[in-house]
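All chains, please: the whole structure from these sequences, using the hints.
Using this note's numbering, the final residue of the sequence shown is 405, and nothing's skipped along the way.
Hint data in this document are derived by calculation from the structure and do not stem from the laboratory. No experiment lies behind these values; they were computed from the predicted model shown. Think of the CB as a built atom: it goes at the ideal place given N, C-alpha and C, for glycine as much as any other residue. Nothing false has been slipped in among the hints.
SDA-like, lysine to any residue: derived pairs with alpha carbons at most 25 Å apart:
{"#": "1", "residue 1": "380", "residue 2": "308"}
{"#": "2", "residue 1": "360", "residue 2": "389"}
{"#": "3", "residue 1": "359", "residue 2": "388"}
{"#": "4", "residue 1": "258", "residue 2": "284"}
{"#": "5", "residue 1": "359", "residue 2": "383"}
{"#": "6", "residue 1": "273", "residue 2": "303"}
{"#": "7", "residue 1": "348", "residue 2": "394"}
{"#": "8", "residue 1": "385", "residue 2": "352"}
{"#": "9", "residue 1": "380", "residue 2": "289"}
{"#": "10", "residue 1": "293", "residue 2": "270"}
{"#": "11", "residue 1": "360", "residue 2": "374"}
{"#": "12", "residue 1": "336", "residue 2": "401"}
{"#": "13", "residue 1": "373", "residue 2": "363"}
{"#": "14", "residue 1": "380", "residue 2": "330"}
{"#": "15", "residue 1": "262", "residue 2": "290"}
{"#": "16", "residue 1": "336", "residue 2": "363"}
{"#": "17", "residue 1": "359", "residue 2": "349"}
{"#": "18", "residue 1": "385", "residue 2": "271"}
{"#": "19", "residue 1": "385", "residue 2": "402"}
{"#": "20", "residue 1": "359", "residue 2": "374"}
{"#": "21", "residue 1": "262", "residue 2": "276"}
{"#": "22", "residue 1": "373", "residue 2": "335"}
{"#": "23", "residue 1": "303", "residue 2": "256"}
{"#": "24", "residue 1": "262", "residue 2": "277"}
Label pairs and their calculated CB-CB ranges:
{"#": "25", "residue 1": "346", "residue 2": "371", "range": "19 to 25 Å"}
{"#": "26", "residue 1": "303", "residue 2": "370", "range": "40 to 46 Å"}
{"#": "27", "residue 1": "266", "residue 2": "359", "range": "36 to 42 Å"}
{"#": "28", "residue 1": "288", "residue 2": "268", "range": "16 to 22 Å"}
{"#": "29", "residue 1": "339", "residue 2": "282", "range": "19 to 25 Å"}
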Amino acid sequence: PNSSAAKAGIKAGDVITSLNGKPISSFAALRAQVGTMPVGSKLTLGLLRDGKQVNVNLELQQSSQNQVDSSTIFNGIEGAEMSNKGKDQGVVVNNVKTGTPAAQIGLKKGDVIIGANQQAVKNIAELRKVLDSKPSVLALNIQRGDSTIYLLMQ
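Have a look at this one:
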């Protein structure tokens, strides 16, 4: 009810068709774009409402959602639930489902992702930014207990 979308007048049944004038093909694409924008960003969403095209302007607020399913970030790490660790201390893995890509590359509950492809990762937004570049190889820098390890995936 207090989200940026609600304040901008977005209603149930509205279909988001564009972000800042650029077409959006899926919810995952919208989420990936918005997830890398800083709080306070002003944006315009194109909506299809009752068969008519409508534009709404909104300002991004801090999300109250503090946990994310990894598949919304990158399919290669699907099966892990992650959240921000404190203030800019990395992304903590809260759970890993057995048999998933996340489990197969060796992610474990309690791991803290502090880097990806030689870039520091302080939070989920920064991890998303690295993954949005669609790297062919992903090297995650993980803090596991007292050790720092790297996990690679292609």
